[in-house]
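Participant: Going down the list, the sequences are from chains R and B. Counting in our numbering, the first sequence runs from 1 upward without gaps. Counting in our numbering, the second sequence runs from 329 upward without gaps.
Any given hint could be a false lead.
Derived lysine to any residue pairs resembling SDA-like cross-links, with alpha carbons at most 20 Å apart [unchecked claim]:
#1 R:LYS265 x B:GLU571
#2 R:LYS325 x B:GLU728
#3 R:LYS325 x B:MET361
#4 B:LYS574 x R:GLU185
#5 R:LYS146 x R:GLU185
#6 B:LYS462 x B:MET361
#7 R:LYS284 x B:GLU728
#8 R:LYS301 x B:SER625
Hints are computed from structural coordinates only; laboratory data are not their basis.
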Amino acid sequence: MTAQPPTFTLVVGPEELLVERAIDSLTQAALKVDPTAEVHTVDAADSGAAGLIAEACSPSLFGTPAVVIITHAESLDDAGLAQLEQAIANPPVDTWILAAHEGRVKGKKYQTALAKLADEQIDAAAIKKGRAVNDFVAAEVKRHRKKMDGQAQTLFVAAVGSDARTLSAGLAQLASDVEGDEITEADVTRYFGGATDVTSYQIADAVMARRGKEALHMLRMAESVAGPTLGPPTVSALVFAMRQLVAVATAPPGMSERDLAVEAKVPPWKIRTLKQQSRHWNQKQCAVAMLVLADLDAAMKGGLNIGDQLVPEQKALVLEQSVVKLSN
Amino acid sequence: MTVWDSLIGQEKPLQEFKDAAVAAAQTPAGPEMTHAWLVTGPPGSGRSVAARSFAAALVCPDAGCGECVDCQDALAGRHPDIEMVTPEGVSYKTADARELVTKASIAPLRAKWHILVVEDADRLTETANNVLLKAIEEPSSSIVWILCTPSAEDVLPTVRSRCRLVRLTTPETQAIADYLATVEGLDEATAVFAAQAAQGHVGRARALALDAGVRERRNKVLRFPSELGDLGSCLRAAQDLAETAKADAVAATESQDQKELADLAQAWGEGAEGRGVRGGARGLKSAQKELEDRQKSRRNRMERDELDRALLDLLGYYRDVIRIQVEGSEGAEGSTTELINGEHRVEIEHAARTSTPGDTLGRIEAIERARQALIANVAPQLALEALAIELRSPHLRANELHNSELAAT
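The following block holds chain R by itself, in its conformation from the complex (with noise of 0.2 Å):
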């Protein structure tokens, strides 16, 4: 005979990630009792909440089981708590309860009443300050059953932030791909090193460098953050670079470094670096690379042909293909 589940469940705490799976557990431990059973929702800060409690709570006609959450428990009345005491007291058969609280200042008295009643009482804190955070993720981990040592998680949450579901999401990514029990601080690195603000221009430079891993790692970082909208500043960063490759490149031998930042148009302290760049470069290849560029740019605007409309996920593909192209 499976579990049954408490018949009445407090939540507290604003943290709605832990809050969302308290009512998920709740719930898949009801379905599992009985797959026919119903979830009624209640937000408490309806108005007339008390009547919609006492009709979700009442025993069905066909005694159909229930489960029945109510949201917002810091905005209930007196009449609401009456209700739900009620029910609370003399359940019907198969019915379940759950009340997410706030946990803040407003209507603690309703927190402090449920409290006394509650069979099961689950803490949804948020998750803010350092300790939390790392508790967090330290519980996170156990839940995909890997494990990570303290140095992987401050640098995780130093790459990723502090936000509960983004944190959740990034380690479901990171237990998914990783094959072994441990999740190092390589595998770390790996997944989100540098994951922020990668810019256009430092996709360019690694493509000019011929870093193409690098380049192709980045540019899929930047689209999943920024999107389809990556496109167009990527052809312009990557022609832009490969014109003051080009300038610095064909420039006379001896020529000065300041008179070559005014011909290539450049920052002086930008030629070096693009002498160095231009190393991996012949007049051929750049050549090739800019009509690559052209037809990456047709691409981008929906194609060279009259009628073609590339979709989205076409201009992304040939955006990589390019990157790779160029940097290879």
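Place chain B on chain R using the hints.
Facilitator: Leaving out everything else, chain B in the frame of chain R:
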């Protein structure tokens, strides 16, 4: 002088128009007048000129004498019974079409016919087409519609089937040269040069013959191929061409832009004082923004048109090159092969000797691709850079990018 003087090299359509005008002028009218005309022809063949001349002939009691007040007014564009409509923006909207239809119910004031000329009718949207259809289908007895499009396929079949079609053809070089010599009074050599260089585009021929700036721009374009040395020079030449086109577009639109902005500010009461002025100032700002956006799109279009003309000039250059490569530089009786760009014969013959017909075809393809890229809204400088590279090495694309995954997409 008659109203037909500006219509060049179009004997057959001209006769059709003349016959119709004469028949229409008879009292009572001769054979039933056609109320809807569709004038088609390639750019520069004189569609609008033909429509205007025909309209003038219809309002003239003598079917186009060219001397009377009606003819004069019509040709100057101020005859009250002739409406010439040209789209300001990229397309005719439904509202514009409705306005036209309202006008079509007005009886003529001075002449026998009220004539509505729709220039660039290919820019009618589908719904605008349908709005016009009703009016064209059941015209009032004194209305004549003249629609101008590049080809008959540019209007809906339902509209097309209700119009009498008159096809203009690309005028012969000789006809254009004669026109420039007799009507514009140019010397023979200039007239022939301009007619040849314009390749059948009358307006372009006039501009080339009369405007030294236009000639200089064209020469600059034709020097483009010889400026392409190493990669750096290719990019510089492309940048130069792109910037020139941009500057020309700005120069051509600047005074009009300024005037429009000043007019707008005045209409909104700029400089005025009193109640409600502050609220007006806010409205002015958004109206200014809207106007500036429109001006910007007009400037962009002009820049791209300018570049497209430049690319057509280049196309003519390489057509000359391949002609010499295929036919030789001398004709049958020792005469020299006739070229579009006769004044650049030396360079063209040099280019023909130092490359193969295969190279030339590759270059022509590259020019077509650049034209397409401009239509597809590729950044002009980038499109020209790619073109410069391909003109220098016509097989680079085929060798390096062929069969690549990029070509497939």
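Participant: All hints, please: hold or fail.
Facilitator: Hints and how they fare:
Taking the CA atoms of LYS265 of chain R and GLU571 of chain B, the gap is about 16 Å. The hint holds against a cut of 20 Å. Proposed proximity of LYS325 of chain R and GLU728 of chain B is supported: the alpha carbons are some 11 Å apart, at most 20 Å. Of the pairs offered as hints, the one joining LYS325 of chain R and MET361 of chain B is violated, with about 65 Å between alpha carbons and a cut-off of 20 Å exceeded. With a C-alpha separation of about 53 Å, the suggested pairing of LYS574 of chain B with GLU185 of chain R is violated against the 20 Å cut-off.
At roughly 14 Å between alpha-carbon atoms, LYS146 of chain R and GLU185 of chain R fall within 20 Å of each other, so this suggested pair holds. Restraint check for LYS462 of chain B and MET361 of chain B: satisfied, since their Cα atoms lie roughly 18 Å apart, inside the 20 Å limit. Using a Cα cut-off of 20 Å, the hinted pair LYS284 of chain R and GLU728 of chain B holds, with the two alpha carbons roughly 10 Å apart. A distance of roughly 17 Å separates the Cα atoms of LYS301 of chain R and SER625 of chain B; the hinted pair therefore holds under the 20 Å criterion.
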